[in-house]
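Q: Here's the letter readout for the chains.
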Amino acid sequence: MEYVIEMLGIRKEFNGFVANDDITLQLRKGEIHALLGENGAGKSTLMNVLFGLYQPEKGEIKVHGKKVHITNPNVANELGIGMVHQHFMLVDTFTVTENIILGKEPKSGGKIDIKRAEKEVREISEQYGLSVDPTAKVADISVGMQQRVEILKTLYRGAEILIFDEPTAVLTPQEIKELIQIMKTLIKEGKSIILITHKLKEIMEVCDRVTVIRKGKGIGTVNVAETDPNHLASLMVGREVTFKTEKKEAQPKDNVLEIKDLFVKDSRGIQAVRGLNLAVHAGEIVGICGVDGNGQSELIEAITGLQKVESGSILVSGQDITNLKPRKVTERGVAHIPQDRHKHGLVLDFPIGENMVLQTYYQQPFSKAGVLNYKEIYKKAASLIKEYDVRTPSEYTPARALSGGNQQKAIIGREVDRDPDLLIAAQPTRGLDVGAIEFIHKRLIEQRDKGKAVLLISFELDEILNISDRIAVIYEGEIVAIVNPKETTEQELGLLMAGSKRKKEGEMNV
Amino acid sequence: MSKRFSNIAVPVVSVLLGLIAGAIIMLISGYNPINGYAALWNGAFGDTFYLGETLRQMTPYIFAGLAVAFAFRTGLFNIGVEGQLLVGWLAAVWVGVAFDLPKVIHLPLSLLAAAAAGALWGFIPGFLKARLHVHEVIVTIMMNYIALHVTNHLIRNVISDQADATEAVKETASLKSPFFESVTDYSSLHNGIYLGLIVAIIMWFILEKTTLGYELRSVGFSQHASQYAGMNVNRNIVLSMVISGAFAGLGGAMEGLGTFGNAFLHSGFSGVGFDGIAVALLGGNAAIGVVLASLLFGALKVGALNMPIESGVPNELVEIVIALIIFFVASSYMIKWLLSRFKKEEK
Chain A
1 MEYVIEMLGI
11 RKEFNGFVAN
21 DDITLQLRKG
31 EIHALLGENG
41 AGKSTLMNVL
51 FGLYQPEKGE
61 IKVHGKKVHI
71 TNPNVANELG
81 IGMVHQHFML
91 VDTFTVTENI
101 ILGKEPKSGG
111 KIDIKRAEKE
121 VREISEQYGL
131 SVDPTAKVAD
141 ISVGMQQRVE
151 ILKTLYRGAE
161 ILIFDEPTAV
171 LTPQEIKELI
181 QIMKTLIKEG
191 KSIILITHKL
201 KEIMEVCDRV
211 TVIRKGKGIG
221 TVNVAETDPN
231 HLASLMVGRE
241 VTFKTEKKEA
251 QPKDNVLEIK
261 DLFVKDSRGI
271 QAVRGLNLAV
281 HAGEIVGICG
291 VDGNGQSELI
301 EAITGLQKVE
311 SGSILVSGQD
321 ITNLKPRKVT
331 ERGVAHIPQD
341 RHKHGLVLDF
351 PIGENMVLQT
361 YYQQPFSKAG
371 VLNYKEIYKK
381 AASLIKEYDV
391 RTPSEYTPAR
401 ALSGGNQQKA
411 IIGREVDRDP
421 DLLIAAQPTR
431 GLDVGAIEFI
441 HKRLIEQRDK
451 GKAVLLISFE
461 LDEILNISDR
471 IAVIYEGEIV
481 AIVNPKETTE
491 QELGLLMAGS
501 KRKKEGEMNV
Chain B
1 MSKRFSNIAV
11 PVVSVLLGLI
21 AGAIIMLISG
31 YNPINGYAAL
41 WNGAFGDTFY
51 LGETLRQMTP
61 YIFAGLAVAF
71 AFRTGLFNIG
81 VEGQLLVGWL
91 AAVWVGVAFD
101 LPKVIHLPLS
111 LLAAAAAGAL
121 WGFIPGFLKA
131 RLHVHEVIVT
141 IMMNYIALHV
151 TNHLIRNVIS
161 DQADATEAVK
171 ETASLKSPFF
181 ESVTDYSSLH
191 NGIYLGLIVA
201 IIMWFILEKT
211 TLGYELRSVG
221 FSQHASQYAG
231 MNVNRNIVLS
241 MVISGAFAGL
251 GGAMEGLGTF
261 GNAFLHSGFS
271 GVGFDGIAVA
281 LLGGNAAIGV
291 VLASLLFGAL
301 KVGALNMPIE
311 SGVPNELVEI
321 VIALIIFFVA
331 SSYMIKWLLS
341 RFKKEEK
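Residue numbers (our numbering), protein chains in the order written: chain A, 1 to 510; chain B, 1 to 347.
To be clear, the hints were calculated from the coordinates, so they are not data collected in a lab.
The structure presented is a predicted model; accordingly, all values stated were derived computationally and were not measured.
A portion of the hints provided could be inaccurate.
Some chain B residues well away from chain A (every beta-carbon gap over 10 Å; in silico) [to be verified]: (1) Val-97; (2) Gly-230; (3) Leu-296.
Derived lysine-lysine pairs resembling BS3-like cross-links, with alpha carbons at most 27 Å apart [claimed, not checked]: (4) A:Lys-325 to B:Lys-170; (5) B:Lys-336 to A:Lys-386; (6) A:Lys-215 to A:Lys-386; (7) A:Lys-265 to A:Lys-29; (8) A:Lys-379 to B:Lys-209.
Here are some chain B residues pointing at chain A (derived, C-beta under 8 Å) [unchecked claim]: (9) Ser-6; (10) Asn-7; (11) Trp-204; (12) Phe-221; (13) His-224; (14) Tyr-228; (15) Asn-234; (16) Gly-268; (17) Ser-270; (18) Gly-271.
Note that the Cβ used here is the ideal one computed from N, Cα and C, for glycine as well.
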C-alpha cells in the first residue's frame with residue numbers, strides 16, 4: 001500500500017513539556033484518515049509539525065516515500081499539503097476570488113488578472129461540487145460557504161493532501177452533511193484527507209482509518225470498519241465512556257420560566273424573536289433545537305437582560321423579569337452558561353479564582369462595605385475548582401491559560417453554585433471532548449433532579465435528543481413545535497428546524 | 001517567564017538600554033558619556049538641594065502617571081491628563097487666592113477644587129464615550145486645547161486684570177514646607193510629595209481591594225463579560241474617567257499650591273500630563289511602578305539641567321534618553337523575547 005504521508009516516531013517538546021511523544025501517522029492515498037484525541041492531546045501540535053510551523057525533536061516525515069524537511073508552511077504547500085483551518089483566515093471585505101488568490105495572484109503585465117482568476121476558481125469549484133460564487137464578498141456568505149472558500153484556497157494552491165482542523169465545529173447539521181459530501185468528492189478526485197476531530201459519529205460516517213492519540217502519545221491506528229464509537233471513545237479517553245447519559249424520568253413541577261408573546265430585535269435592529277411562547281417547569285430540561293440564527297441568541301439575551309424586549313413578557317417563578325437589568329435577573333435566580341465562554345463567560349485576564357465570583361463579588365462574604373475579601377473569594381474558588389474538577393495549576397492562574405473544557409467546567413461550577421431556579425445552558429459542550437461532555441451532561445441532569453428548570457440551547461441534535469425531556473423547535477423566532485425526544489427522530493427534527501413542517505397551535509403543548 | 005518577573009525586568013532593561021543608547025549618541029556627538037551621566041547623577045542626587053528638586057519634580061509626575069494608569073486599567077486611554085491638570089491647577093489657585101480661611105479648611109478646599117475641576121474635565125469624555133461611543137482619545141485631546149485656552153482666558157480676564165499671572169495663593173492654601181526648605185538647602189520641595197504617595201496608595205487600594213476596583217478592572221479587560229456579569233459598563237467608564245481626572249487635577253494643584261504658588265499664562269502645554277503617559281507605561285500601570293517611574297523621570301528632568309554646566313552635554317540629550325527609554329518600554333515585546341532568549345541559553 002502506498003503512503004502519501006508518513007510521520008514516523010514524531011516527538012515535540014515545549015520547554016520540557018512533551019506535546020507529542022513517538023507518534024506515528026501514515027496516510028494512504030485516497031483515504032480519509034481521522035486524527036482523534038481529546039482537547040490538548042496533541043493533535044494540533046502534530047499537524048503543525050506536518051505543516052512546518054514546528055520542528056520535531058525526533059522522528060521523520062516522508063512524503064511519497066521520500067524523506068523531507070518541512071521547515072515552514074511554504075515548503076508544506078510545495079509538497080502539496082494544504083490546511084483548512086478551524087478559524088478561517090479570510091479577509092471579510094474581499095471577494096471569494098480575491099481571498100483565494102491572495103499571495104499567489106495571477107498577473108498580466110503587473111496587473112492582477114482577476115478575470116482569469118475568477119475563471120480558474122469557478123472551474124475548481126465546479127470540479128469538486130463546491131458551488132461557490134467567485135464574485136461574492138466573503139462577509140456576505142454563510143459560515144459553511146466560507147469554509148468552502150478555505151478548501152478552495154488549498155486546492156487552488158495545488159494541494160493533494162488536505163488537513164481539516166475540526167471542520168464541523170462551526171457548521172449546522174445540514175452544512176455538515178454537505179461537507180461530508182464534499183470530502184467524498186475530493187477523495188474521488190484523488191485527494192487524501194486528514195480529519196482532525198473528536199466527534200466519533202463523523203469518523204464512523206466518513207473515515208477509512210483513524211489514528212488515536214492520548215496525552216501526547218500515539219495509541220494506535222485502527223480501521224473504522226472494524227471498530228465502533230464506544231471502542232474509539234475508550235481509546236481516546238483511556239476508560240469506558242457512556243454515551244447515553246443515564247437519567248431517570250423527569251418529574252416536572254411548577255412553571256419556572258414562562259415566556260409569552262415575546263418579540264426581540266437583534267443588535268442590528270432586525271426582528272429576531274417573533275411572538276415566542278415557551279414554558280419550562282421545575283425539574284425538567286427543555287432543549288431548544290434549531291438552525292443557528294433563528295433567534296436563539298436573542299431569546300437568551302432577552303431573558304438574561306442583555307437585549308431589550310420589544311413586547312411580551314418573561315416570568316421567572318411568577319415574577320416579571322421583562323427588561324430587568326442583568327444583575328436583577330441574576331438576583332431573581334437565573335444562571336446562564338453563555339454560548340461564547342471567552343467573550344461573555346470569563347474575564348480571561350483575571351485569575352480563575354476571581355472569575356468564580358463574577359456575579360457575587362459585591363455580596364457577603366466576598367466583600368463587605370465595598371472592600372473585597374480575597375481570603376473568602378479564593379476559599380470559594382478552591383472548593384469549586386475541586387468540586388467541578390477544574391484542572392488548573394492554581395486558583396491564581398489566569399483563566400486564559402486553562403483549556404476550553406476546564407474553562408467551561410469553571411463557568412458551570414460558578415453558575416450552578418449560585419443555586420438558581422432557572423439554569424440557561426447555551427451550547428454548553430461546544431468544542432469539548434467526550435470526557436468533558438459526559439461530565440457536563442451529568443451536571444445538567446443533576447440540576448434537573450434537584451428540581452431546577454434547565455433551558456438548553458444547542459446545535460448538536462445528539463445533545464438535544466440525549467438530555468432534553470422536551471424539545472422545543474425554534475424557527476424564525478418562533479417555537480414551531482414541541483416534541484418528545486423519545487418519540488421523535490433526527491429526520492423529523494431536521495424537517496421541523498427547516499420550517500417545512502409546522503405543527504398547528506392546537507397540537508402544541510406549550 | 002512569570003508575569004511578575006517580566007513586569008519588573010522589562011522596565012529595568014528598557015531604562016538600561018535607553019541609557020546605553022544615550023551613551024552611544026553622546027560618543028558619536030563627541031561628548032564623554034561617563035562625564036555626562038556623572039553630571040546627570042550629581043544634578044539629580046548630588047546634594048540635598050538637587051535631591052529636593054528631584055522629589056519636587058517627581059510629585060506632579062506621580063499624579064499624572066496615576067491618572068493615566070488608572071484609566072488604562074479600565075481600558076481607557078486618557079490623553080487628557082494635561083488638560084485636567086491645567087484646570088485643576090487654576091481651580092486650586094483660584095480658591096487659594098479668593099478665600100480667607102483657616103489652613104485646615106483652606107488647603108483641603110483648594111485641593112478639592114482641583115480634584116473636582118479635573119474630574120469634570122474627565123467626566124465629559126467619559127460621558128461621551130459611554131453614551132455616544134465617541135472615542136475618548138479624540139475627545140481628551142480636544143479637551144486639552146479647551147483647557148489651555150480657557151484657563152489662559154480666565155487668568156488674564158477674570159481672575160486678574162490683563163496680567164500674566166494670578167496673585168500668589170494665600171499662605172493658608174500653600175503646600176510650601178519650611179521644614180523641607182531647611183533640610184534641602186531651600187529647594188522648592190513642598191508637602192505635595194506626601195500627598196502623591198498617599199494618592200498612590202489610594203489608587204492601589206481602590207483597584208486591588210475594593211469591589212469598585214474589581215468592576216473597573218473587569219470592564220477594562222472585557223466589557224462583554226462585565227455586562228454579562230451584571231456590571232454597569234457605562235457607569236464604570238464614566239467613573240474611571242472621573243477618578244482619573246481627579247488625580248490629574250490634584251497634580252495641577254501640586255504646581256499651583258506648591259511649586260509655583262500661583263497660576264500663569266501658558267503659551268503651550270506644560271508637558272507634565274503627556275509625560276504622565278510615559279510614566280504610567282514605564283510603571284506598568286501599577287501604583288508602585290508609577291511612583292518609581294516618577295522618581296526616574298524627576299531625576300532625569302532635574303539632573304539634565306546640570307549636564308551642560310558640568311559636562312558640556314546639551315540637556316536636550318536627556319530628552320533623547322527619555323524618548324529612547326519610552327521606545328524600549330513600548331517595544332516590550334522585543335525585550336521579553338530577548339529575556340526569554342537569555343534564559344534559554346542559561347539552561
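Q: Now look at each hint and say whether the structure bears it out.
A: Here is how each hint holds up against the structure:
| no. | hint | result |
| --- | --- | --- |
| 1 | Val-97 | 37 Å, holds |
| 2 | Gly-230 | 3 Å, violated |
| 3 | Leu-296 | 27 Å, holds |
| 4 | A:Lys-325 to B:Lys-170 | 50 Å, violated |
| 5 | B:Lys-336 to A:Lys-386 | 34 Å, violated |
| 6 | A:Lys-215 to A:Lys-386 | 22 Å, holds |
| 7 | A:Lys-265 to A:Lys-29 | 51 Å, violated |
| 8 | A:Lys-379 to B:Lys-209 | 16 Å, holds |
| 9 | Ser-6 | 14 Å, violated |
| 10 | Asn-7 | 14 Å, violated |
| 11 | Trp-204 | 13 Å, violated |
| 12 | Phe-221 | 4 Å, holds |
| 13 | His-224 | 5 Å, holds |
| 14 | Tyr-228 | 4 Å, holds |
| 15 | Asn-234 | 12 Å, violated |
| 16 | Gly-268 | 38 Å, violated |
| 17 | Ser-270 | 34 Å, violated |
| 18 | Gly-271 | 32 Å, violated |
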